[in-house]
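**Q** Here are the chains, one letter per residue:
There are 6 protein chains.
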Amino acid sequence: MPTYHIEMLAGRTVEQKKKLVEEITRVTVEVLGGSPNSVDILITDVPRENWATGGILWSEPRP
Amino acid sequence: MPTYHIEMLAGRTVEQKKKLVEEITRVTVEVLGGSPNSVDILITDVPRENWATGGILWSEPRP
Amino acid sequence: MPTYHIEMLAGRTVEQKKKLVEEITRVTVEVLGGSPNSVDILITDVPRENWATGGILWSEPRP
Amino acid sequence: MPTYHIEMLAGRTVEQKKKLVEEITRVTVEVLGGSPNSVDILITDVPRENWATGGILWSEPRP
Amino acid sequence: MPTYHIEMLAGRTVEQKKKLVEEITRVTVEVLGGSPNSVDILITDVPRENWATGGILWSEPRP
Amino acid sequence: MPTYHIEMLAGRTVEQKKKLVEEITRVTVEVLGGSPNSVDILITDVPRENWATGGILWSEPRP
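Chains as they are written, first to last, in the working numbering: chain A, 378 to 440; chain B, 378 to 440; chain C, 378 to 440; chain D, 378 to 440; chain E, 378 to 440; chain F, 378 to 440.
Bear in mind the hints are in silico, worked out from the structure with no lab data behind them.
Be a bit skeptical, because a hint or two may be false.
When chains are identical, the list treats them as one kind, so a pair holds in a single copy or across two.
[Unchecked claim] Below, in silico cross-link-like pairs of lysine to aspartate or glutamate (EDC-like), each with a Cα-Cα straight-line distance of 16 Å or less:
(1) K395 <-> D422
(2) K396 <-> E437
(3) K395 <-> E437
(4) K395 <-> E426
(5) K395 <-> E407
(6) K396 <-> E426
So here's chain A without its partners, still in its complex pose (with noise of 0.2 Å):
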């Protein structure tokens, strides 16, 4: 029962989420027992304006 909400830059591939999800899903049942189809994970695509640090988005350049 376990839900993941994970927030990242987007452009990552479907490649990339499938092996992530495949493996997020694995060590969440190793550490904390249940059964896979117990884990629901749910990916946010951020596009670099919509995401700061420091004050300044990543769509900006950096100082």
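Guided by the hints, dock chains B, C, D, E and F onto chain A, whose structure is given.
**A** This is chains B, C, D, E and F only, laid out in the frame that chain A set:
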């Protein structure tokens, strides 16, 4: 003031969303009291390649 | 598979939560189809000192 | 290390987002201390058909 | 109507929260327009054992 | 920079959380690249009375 976030696989029509937020708001006021205008609902349409159950994305064939 | 997150000020009873999730699940299945077991609902009880509207926490007197 | 999620109706310009994240980061450091680089801000542009108040989507005419 | 969620390590005082939500609301209205009453801010106080960076919980000693 | 939110029923030990965030961070770096320090993970312990599946809270007996 209750705030809802609803995540669902992309593909629902605006008619379904209209009906859903109307009903959710109605039952919320019935159960919790307060005014309909205090209820906010935000919907996220999740692409199938961004939701996994059991370690498999919903964009992939399931065994 | 729709997943709800509901944020509300802390203080609701378990009876209210029981009724709310029952009703939300029912209207979701009516409008979107699918089975009740595919509907997950997570509630967050928000302390008044952690929610602000108009720049004022709900734990403070309002002008 | 504070992490912000900001949800707003889609339609703001990148200039507005640049200014907003700059100001949010500045006031966060002023009030909480820490370094600007520890502040992450993620913006979600919400389509009008995905946000409802009072049971009515913002894409619909309001009575 | 912008809605903020702020996650930070637990331990901030109510005075800091009061100041923070006041300032966040002010800069939001300056940059985006609208009225202060349309700005909602929800704070989550995260226990150190529930936040990890670099694979290490903040409740643990860092190498 | 990927940011995880993990929601799970309350009751896991700190040892389980330590192991989980270590493993999640490791597989994230393996699949997506980047440095471990760019991975943030936030855990939410959800009380059983705040999570429902099939319209029934997990604090209640299931039919």
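**Q** State for each hint whether it applies.
**A** Verification of the supplied hints:
no. : hint          : in the structure
1   : K395 <-> D422 : within (14 Å within a copy, 19 Å between copies)
2   : K396 <-> E437 : between (30 Å within a copy, 12 Å between copies)
3   : K395 <-> E437 : between (30 Å within a copy, 9 Å between copies)
4   : K395 <-> E426 : between (25 Å within a copy, 8 Å between copies)
5   : K395 <-> E407 : between (19 Å within a copy, 13 Å between copies)
6   : K396 <-> E426 : between (26 Å within a copy, 12 Å between copies)
Hint compliance for this structure: no hint is broken.
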